[in-house]
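The primary structure of each chain is shown beneath.
2 protein chains.
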Amino acid sequence: KQLMLDRPLVAGVCLFMCLLAGGLCIPDPRYRESLIQEEASMQTGGQVVLNEKEKRLDTRLLKMKQDEVARADFPPAMHFFKARDLIRNSPMFSLLQKMPKGGALHVHDLAMVDIEWLVKNVTYRPLCYMCFTNTQSIRFIFSSQWPEPLPNCSPWNLLETLRAKVVNTTDLDNRIRGKLTLFTDLDPEKVYPNQDVVWDRFEQAFMSMWGLVTYAPVFREYFYQGLTEFYKDNVMYLEVRALLPEIYELDGRTHDKAWTLKTYQDVTRQFTAEHPDFFGTRIILTVHRGANSSVVTEAVEEAMKLQRDFPDIMAGFDLVGREDVGRPLWYFRDALSLPTERGVELPFFFHAGETDLQGTDVDQNLLDALLFNTSRIGHGYALVRHPVAKELSRKKGVALEVCPISNQVMKLVTDLRNHPAAALMSENHPLVISSDDPAMFGASGLSYDFYEAFVGFGGLRSHLGSLKALAINSIRYSSLNASQQEKALTLWQRRWDKFVSENGLGPKHHN
Amino acid sequence: KQLMLDRPLVAGVCLFMCLLAGGLCIPDPRYRESLIQEEASMQTGGQVVLNEKEKRLDTRLLKMKQDEVARADFPPAMHFFKARDLIRNSPMFSLLQKMPKGGALHVHDLAMVDIEWLVKNVTYRPLCYMCFTNTQSIRFIFSSQWPEPLPNCSPWNLLETLRAKVVNTTDLDNRIRGKLTLFTDLDPEKVYPNQDVVWDRFEQAFMSMWGLVTYAPVFREYFYQGLTEFYKDNVMYLEVRALLPEIYELDGRTHDKAWTLKTYQDVTRQFTAEHPDFFGTRIILTVHRGANSSVVTEAVEEAMKLQRDFPDIMAGFDLVGREDVGRPLWYFRDALSLPTERGVELPFFFHAGETDLQGTDVDQNLLDALLFNTSRIGHGYALVRHPVAKELSRKKGVALEVCPISNQVMKLVTDLRNHPAAALMSENHPLVISSDDPAMFGASGLSYDFYEAFVGFGGLRSHLGSLKALAINSIRYSSLNASQQEKALTLWQRRWDKFVSENGLGPKHHN
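Taken in order, these protein sequences are the chains called U and Y. Mapped onto full-length UniProt numbering, the consecutive letters of the first sequence carry residue numbers 1 to 511. Mapped onto full-length UniProt numbering, the consecutive letters of the second sequence carry residue numbers 1 to 511.
Everything labelled a hint here was simulated from the structure, so no lab data went into it. A couple of the hints might just be wrong.
Any copy will do: because identical chains look the same in the list, a pair fits if it lies in one copy or spans two.
Here are the simulated SDA-like pairs of lysine to any residue, each with C-alpha atoms no more than 25 Å apart in a straight line [claimed, not checked]:
#1 K120 <-> S293
#2 K262 <-> C131
#3 K63 <-> P328
#4 K65 <-> L357
#5 K82 <-> E189
#6 K65 <-> D196
#7 K395 <-> R30
#8 K395 <-> Y31
#9 K487 <-> G343
#10 K305 <-> P149
#11 K120 <-> F183
#12 K190 <-> M78
#13 K63 <-> D196
#14 K396 <-> E427
#15 K395 <-> P29
#16 K98 <-> V69
Extracted from the complex, chain U is given alone in its bound form:
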């Protein structure tokens, strides 16, 4: 008797179907379904149409994700240091590793390579000296002569001699390793009770590895090793935030930024020649946001020069370091206006909104990054609390570089389901997933961050289309020009099709 009338359905206006008898209304299941579909189609990758093979892989993926969600210990809700083994051993992670993920657009120069490589390889080289600072950190230097003592550091030890003296070199290596990364087997909540502690330890770790990786022979190899690790993780392109530090030789001679940039270019060319399905690297020159105006002005000048001299590898400019204690972007407005004033192209890739403070000067960085016409936003964690900046970012197509594990380890968020990118992905806000400083967090490549994003942000709603969209985003929002992007996409698509073919049917004999 309750005949339903089919009415044209307009979201937000006609919410109800009317019952013939009495003109009363109850929700129409078809209308409900249309709204559910509408919402699903709004998410990142929600409009991606999958082919038959992709659909089969998607079915496998969904099953894997259900298994992850059904776990008593849900990895995205846990601190990554505790979740890493669970993630690493999951079938989902294996699949994400194999997946061609496109580019990593937010990675820092000195945290790309597994610390194990530094400890087991670099510190075992001859003429490696180490001292212990009075802040419980360590410093290294390679030198043909006994190096000058460092202030606030113990006398230098030649590591070779030290290792010969100590009973247990494993203990020593573990101690060194612990100083070069934040990762720990201890309870991370105890070791890093707040942001101040974790940031301090983070910066100490960079200072500890400084002398190891800025040694010219290591520097080349470190970058080559970094490319190798990302390549093995099926990342085909990198945009590296690089300080372009002074690189030194065994006799103490040093090289300038141009030399360092050229080294990045040479190593990239070598690597790409050896791995034709790797697309390349571009460099974003960075300077510390704790610096004063004249240092930043000088860095902008240098960046403009390098951008002119190395247009292929130079992508642009950024400021790094903890936003909350650094100077806001607006403080550097004169320096940042220089390129425009001179009619020189210098793209910006500003870190902004990596903060949970609200209403401070630093909290305006998001808006200012956009006003300075930034090409992308590093992190943008605070964007959801800035509706004007959010709308500008969306309208201008300025993508966020979302680094879930970094934000968790640096104590912006505990349960990654609460990461603002979960909301942003539900409405397909422009964004890419990256890993920031994987070596610092005990991660590597992009796959761990892809796991967190895919399992933690979308829950059961995200699917293979979401992953595909994220990979494509990483090329579309890169600094590559249009024709390079097409090339990169073609290369990526070939690898993607292969991946889908090889994994769509599940492991042999396991169907």
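Following the hints, put chain Y in place on chain U, whose structure we already have.
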């Protein structure tokens, strides 16, 4: 030399001012300022115009907030159980207590009153029996005869006798208190490691107090005491989610739901007569979402009947209990369609989106609540991940009842700055602040939740206008009809003006 041209500024189109020389562009400080102002005006209370007295109070407030933010231990970032003393002793909290906050629209019947009152007053009454369950919980009953034994519970003890026997009644009282609330001095992260544990303990605590508060003489007094506590916290109106449980007398006779509802009405009338600046109470009948269809259908039938018989006090209907393990709203669609089918008015006030699961059936509750034309949404924690539901909620003016402390204690979020309401308040999404089950969380009234919302959600951006808007929202989004709302607003405004006058100048001799 760099003459700026003043141009019409349109957001998202003209982001830059042009320099006369060369036609190049750098951000215009005036345009930047206009965007900052635009964003500030978009937040909850961003359009409120403050009078001179209010501005003075706002200056005091801002100073207080700066003090809170400057703390090493920032309370909204801490678990409430650890932060409570810090909050309680802050000048900000004292001020928020004095502030007329309007109505509390999301409060449950059996968690309104400080547990101290139950322990020190109710359990000391004659003929109070207690037994210990084999799940380390307790049960109570008042009875003129020795009560029948309960399954899975120790033999009954007459509390009077037990207290006479034990060496230390303080220990016993502490033990009882610990069973009636989640609040603990121990490390809450240890005691409640996950949602399963905290929800189990939460429901056990309700079952423990059940026999105490459903005893007819206590029931009246409990509710009176609840009104008193909210009134003292400067809350003038309550909408109480009530199970309308069977109330019993000393001889075992019981009363029906109508009796219980009438008791709420009588006690409210008495309280309002004694406190003319208290506006009243309305009741939302609730049933547990773990129930089956026929139980829910029966509850809807009962609700329609009570709505007809007690139109003044009855506000509507809702389902309660943990969403993740309960049945989704859509499961009960037939029952929930009954009022519409019969042409009977029964407003809904559905809990929805109190979950961090994504893509599950339960995760559709938000959309379904809106499709069933809910008047408000309880919690709506997941709303930011549902863009279609979010837009419907905004367009239809369906306010969220945001309960920050509840969401933190029940383990949806750790640092309250990550609560989605921070983003929602930045764009003035319709919402009110409430306290859910303050007695369970060691809170009381609304002030603790207002503290978390005001200090934690807005940071330095929110101001007296935000608080004023939240108080006004609590009346505008209440179930009161238009003329009642005007009355309530007039009453509130009088109290507000008094509050502003008395507090705008700071403590005497402290200027």
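Given identical chains, is K305 near P149, meaning Cα to Cα at most 25 Å, within a copy, between copies, both, or neither? neither (35 Å within a copy, 87 Å between copies)
Same-copy or cross-copy closeness of K98 to V69 [CA-CA at most 25 Å]: within (21 Å within a copy, 45 Å between copies)
Is it within, between, both or neither when you check K120 against S293 at 25 Å Cα-Cα? neither (40 Å within a copy, 64 Å between copies)
25 Å Cα threshold - placement of L357 relative to K65: between (34 Å within a copy, 12 Å between copies)
When no copy is named, should K262 and C131 be tagged within, between, both, or neither for a Cα gap of at most 25 Å? So K262 and C131 fail the 25 Å test inside a copy (31 Å) and across (79 Å) alike.
When Cα atoms must be at most 25 Å apart, do K190 and M78 count as within-copy, between-copy, both, or neither? Both: 14 Å inside a copy, 14 Å across copies.
Intra- versus inter-subunit Cα pairing at 25 Å for K396 with E427: both (16 Å within a copy, 20 Å between copies)
Given identical chains, is K487 near G343, meaning Cα to Cα at most 25 Å, within a copy, between copies, both, or neither? Intra 29 Å, inter 63 Å, cutoff 25 Å: neither.
Evaluate K395 and R30 at a C-alpha cut-off of 25 Å and name the case that applies: within, between, both or neither. between (32 Å within a copy, 21 Å between copies)
Within, between, both or neither: how does the pair K120, F183 come out at a Cα-Cα threshold of 25 Å? within (17 Å within a copy, 50 Å between copies)
When Cα atoms must be at most 25 Å apart, do K63 and P328 count as within-copy, between-copy, both, or neither? between (46 Å within a copy, 22 Å between copies)
State whether the alpha carbon distance between K65 and D196 is at most 25 Å within one copy, between copies, both, or neither. between (35 Å within a copy, 21 Å between copies)
When the structure is compared with the earlier hints, violations turn up for hints 1, 2, 9 and 10 and for no others.
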